[in-house]
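With these hints in hand, go ahead and build the complete structure from the sequences.
So you can see what is in the structure, the chains are spelled out below.
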Amino acid sequence: MKKDIILKAENISKQYRLGEVGTGTLSHDINRWWHKIRGKENPYLKIGETNDRSTKGNSDYVWALQDINFEVERGEVLGIIGKNGAGKSTLLKILSKVTAPTTGIIKSRGRIASLLEVGTGFNGEMTGRENIFLNGAILGMTKKEITSKLDEIIEFSGCERYIDTPVKRYSSGMTVRLAFAVAAFLEPEILVVDEVLAVGDAEFQKKAIGKMQDISKGQGRTVLFVSHNMAAVKSLCTRGIVMENGSVKFDGNIDQALDIYSANSLDIMSNIKWNIEDAPGNEDAKITSIKILCDEDYFLIENEIKVEIEYENLLDGHVINANISIFNDNEVHILASPNLERIPLGKGKYKSVCIVPKNFLNIGKYFFTVLLVGNNFEIITQLEKIVAINVDENGSHRNGYFGYWAGSIRPDLKWKNERIIE
Amino acid sequence: MNDNNTPNDWLFEITPKNKFFSLNLREVWQYRDLLFLFVKRDVITVYKQTVLGPLWYLIQPLFTSVTFTIIFNNVAGIDTGTVPPFLFNLAGITVWNYFTACLTGTSDTFKANAAIFGKVYFPRIITPLSVVISNLVKFGIQFLIFIGFYIFYYFQGANLGLNSLILFFPVLIVIMGILGLGLGMLISAMVTKYRDFTHLIGFGIQLLMYLSAVMYPMELIKDKLPSYGWLVEYNPLAYIIETARYMLLNVGEVSVLGLSYTLMVTIAVFFIGLLVFNKTEKSFIDTV
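For the protein sequence lines, the chains are A and B, in the order given.
Under our numbering, the letters of the first sequence match residues 1 to 422, in that order.
Under our numbering, the letters of the second sequence match residues 1 to 288, in that order.
Please keep in mind that the hints were generated in silico from the structure rather than gathered at the bench.
Glycine is no exception: its CB is placed at the ideal position from the N, C-alpha and C atoms.
Hints should not be assumed to be uniformly reliable.
Straight line, CA to CA, 25 angstroms or less: simulated PhoX-like cross-link-like pairs of lysine-lysine [claimed, not checked]:
id, chain 1, residue 1, chain 2, residue 2
1, A, K149, B, K40
2, A, K249, A, K8
3, B, K193, B, K224
4, A, K40, B, K193
5, B, K279, A, K97
6, B, K279, A, K36
7, A, K40, B, K282
8, A, K97, B, K111
9, B, K40, A, K144
10, A, K8, A, K143
11, A, K107, B, K279
12, A, K351, A, K291
13, B, K48, A, K143
14, A, K97, B, K282
15, B, K40, A, K143
16, B, K40, B, K111
17, A, K365, A, K249
18, A, K168, B, K40
19, A, K8, B, K282
20, A, K97, B, K193
21, A, K3, A, K249
22, B, K282, A, K36
23, B, K279, A, K168
24, A, K40, B, K279
25, A, K36, B, K193
26, B, K282, A, K107
27, A, K234, A, K211
28, A, K249, A, K234
29, A, K168, B, K111
30, B, K111, B, K193
Covered stretches of chain A (in silico footprint by chain B; criterion: 3 or more residues with CB under 8 angstroms from a CB of chain B, positions within the stretch not fixed) [said to hold, decoys possible]:
id, stretch
31, 109 to 116
32, 125 to 139
33, 336 to 349
Okay, the calculated beta carbon distance ranges per label pair [to be verified]:
id, chain 1, residue 1, chain 2, residue 2, range
34, B, F203, A, Q213, 55 to 61 angstroms
35, B, V51, A, K206, 44 to 50 angstroms
36, B, W230, A, K143, 46 to 52 angstroms
37, B, A115, A, G218, 31 to 37 angstroms
38, B, D9, A, E187, 17 to 23 angstroms
39, B, F271, A, Q213, 45 to 51 angstroms
40, B, S164, A, K143, 37 to 43 angstroms
Given below as structure tokens:
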């Protein structure tokens with residue numbers, strides 16, 4: 001069946017200028033214009049770096065989004081998740097035409113209405129009724145549409161009694177209810193929703209999520225949804241995009257997307273490194289770094305996972321063995337794997353690599369304990385759950401089944417089938 | 001096969017740069033309800049929770065006219081011919097006020113609406129258009145008071161004569177609105193990057209008033225300051241004010257050349273303003 005693509009983003013990038021806009025703006029403008037009239041490329045487009053908030057960059061320009069590509073099918077509910085500053089809001093702003101992308105193009109087959117905030121343009125001096133019309137029109141409804149839905153909107157908001165009172169007399173909760181009520185009756189082909197469900201009380205949130213479900217499931221409209229409320233995302237969305245530092249890190253099944261997101265947001269470390277002065281160990285040997293590596297940017301069951309342990313031997317003729325233990329999320333000690341090579345080592349730096357075979361672990365979080373054992377099997381240092389990874393899968397072994405796969409590990413065991421009775 | 005699935009039938013595209021010039025009139029038309037709701041908002045919120053309500057619209061031109069009459073006519077002795085000085089000043093100020101209201105109102109478009117513009121898309125030109133239209137309502141109210149005084153002076157026996165050109169008065173006001181809109185859009189776009197223009201516009205308008213023949217007949221400046229008279233003669237607004245007074249009070253002169261010049265400047269300013277405004281609206285939110 002041919003896919004019915006309603007929205008398509010191609011190579012969307014967005015560059016922002018850091019620091020104070022204003023100082024030096026004129027000189028940059030003149031320089032840019034000078035390049036333009038000579039038919040050269042914008043000199044400030046080249047520089048800029050990925051958007052990592054925590055590191056200090058050298059450039060004044062930064063890419064808030066870089067080469068974003070995705071397609072959305074008609075009727076799909078797409079969740080966009082990511083840490084603060086990952087570029088979600090910038091992407092939504094571009095989709096809502098609030099700001100233009102620096103490069104790239106978004107193609108759409110439907111009217112997009114965006115709800116980046118509830119109550120945009122509400123005027124405190126005007127009554128609830130007047131604000132329904134104003135806000136509805138700002139969101140793209142015509143007066144006729146609003147008039148025909150006015151009673152429903154007022155009923156949904158639960159503010160009948162105050163509808164002819166200026167909005168400035170409303171409690172903040174009532175304002176939000178009224179504002180969301182207007183937005184809930186928008187009827188675009190594509191609805192873009194940001195974090196708006198985070199407001200209001202529990203009862204109202206339930207109502208709002210119910211309405212969102214109606215819109216997406218009942219009326220078959222396409223929804224792009226950004227939220228930090230994982231439960232809401234999980235119940236509403238069918239597909240998820242995980243964003244990190246301005247690019248798409250994962251695009252696929254919503255449950256996997258959420259796992260990847262939660263692994264990221266816990267900031268678990270899959271590698272660690274020490275200077276020799278404060279490296280763990282004793283006067284005989286010290287561990288200088290532990291890394292868990294994978295061929296991809298993230299860990300997949302279908303790939304080999306390498307545990308690299310680097311240590312420095314300070315004692316000539318010393319036998320050193322690295323060991324690892326793997327624990328899962330439920331504190332189950334899954335395995336322990338010692339290195340059994342008993343060879344005396346000269347002074348110097350060494351690296352031991354332990355390979356966890358492909359198709360061995362299950363999906364989920366795994367913690368690694370690393371220890372270093374000396375000549376007489378004495379423990380030089382034991383580092384409890386020092387590194388961790390979140391393992392995912394590409395689904396190649398599932399044969400179309402996408403349900404829960406039980407077990408602490410999921411080794412690819414051999415099966416042999418034969419007919420024994422005819 | 002479903003028509004929707006052919007590859008090139010995208011409803012619209014979101015791209016980095018606007019075409020050199022694009023004014024999507026159809027889209028503006030689709031949002032006409034928003035335009036009128038903005039106008040309504042601007043008109044009704046001005047006098048909500050005030051005792052005098054729309055009367056505030058009248059107090060400012062009246063007091064300014066009185067002040068001008070005392071300073072420029074009684075003290076400085078500017079001759080307004082057969083027309084009572086107060087009525088002469090009121091006519092000039094009423095018309096001038098409409099221009100300044102349009103200019104200051106629209107020049108603030110991006111800065112004042114950054115909160116809305118940052119959250120939702122609609123054709124941005126709706127906002128300055130609504131300013132021009134809602135100020136027209138304000139102008140209408142102020143014009144009524146002018147008519148009131150006109151009738152008052154008429155029965156006092158002042159020598160007043162309507163001019164048949166009065167029929168073109170609305171056209172003159174529209175031209176003025178468009179000039180204010182064009183200039184305002186131009187400035188609003190520049191304010192997003194360089195805040196210097198906000199400071200410039202405050203006293204710029206005041207200076208411009210003295211060059212726009214608001215409180216003196218155009219002929220006077222040519223007589224008294226022949227070496228600086230060109231400043232007024234090159235000012236399209238001076239022609240509008242002078243012509244308005246000619247239509248309303250039958251004083252001064254109508255210069256066809258001057259009016260054609262005004263019209264050309266207005267069209268040029270409007271299209272340049274629109275062009276710059278269009279260019280700005282796509283990404284101003286990053287710089288404002």
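Each hint tested on the structure:
| no. | hint | verdict |
| --- | --- | --- |
| 1 | K149/A - K40/B | 21 angstroms, holds |
| 2 | K249/A - K8/A | 17 angstroms, holds |
| 3 | K193/B - K224/B | 41 angstroms, violated |
| 4 | K40/A - K193/B | 23 angstroms, holds |
| 5 | K279/B - K97/A | 14 angstroms, holds |
| 6 | K279/B - K36/A | 16 angstroms, holds |
| 7 | K40/A - K282/B | 22 angstroms, holds |
| 8 | K97/A - K111/B | 18 angstroms, holds |
| 9 | K40/B - K144/A | 17 angstroms, holds |
| 10 | K8/A - K143/A | 31 angstroms, violated |
| 11 | K107/A - K279/B | 20 angstroms, holds |
| 12 | K351/A - K291/A | 11 angstroms, holds |
| 13 | K48/B - K143/A | 23 angstroms, holds |
| 14 | K97/A - K282/B | 8 angstroms, holds |
| 15 | K40/B - K143/A | 13 angstroms, holds |
| 16 | K40/B - K111/B | 21 angstroms, holds |
| 17 | K365/A - K249/A | 18 angstroms, holds |
| 18 | K168/A - K40/B | 18 angstroms, holds |
| 19 | K8/A - K282/B | 20 angstroms, holds |
| 20 | K97/A - K193/B | 20 angstroms, holds |
| 21 | K3/A - K249/A | 23 angstroms, holds |
| 22 | K282/B - K36/A | 19 angstroms, holds |
| 23 | K279/B - K168/A | 36 angstroms, violated |
| 24 | K40/A - K279/B | 20 angstroms, holds |
| 25 | K36/A - K193/B | 19 angstroms, holds |
| 26 | K282/B - K107/A | 16 angstroms, holds |
| 27 | K234/A - K211/A | 15 angstroms, holds |
| 28 | K249/A - K234/A | 18 angstroms, holds |
| 29 | K168/A - K111/B | 23 angstroms, holds |
| 30 | K111/B - K193/B | 10 angstroms, holds |
| 31 | 109 to 116 | holds (count 5) |
| 32 | 125 to 139 | holds (count 8) |
| 33 | 336 to 349 | violated (count 0) |
| 34 | F203/B - Q213/A: 55 to 61 angstroms | 57 angstroms, holds |
| 35 | V51/B - K206/A: 44 to 50 angstroms | 45 angstroms, holds |
| 36 | W230/B - K143/A: 46 to 52 angstroms | 50 angstroms, holds |
| 37 | A115/B - G218/A: 31 to 37 angstroms | 33 angstroms, holds |
| 38 | D9/B - E187/A: 17 to 23 angstroms | 21 angstroms, holds |
| 39 | F271/B - Q213/A: 45 to 51 angstroms | 49 angstroms, holds |
| 40 | S164/B - K143/A: 37 to 43 angstroms | 40 angstroms, holds |
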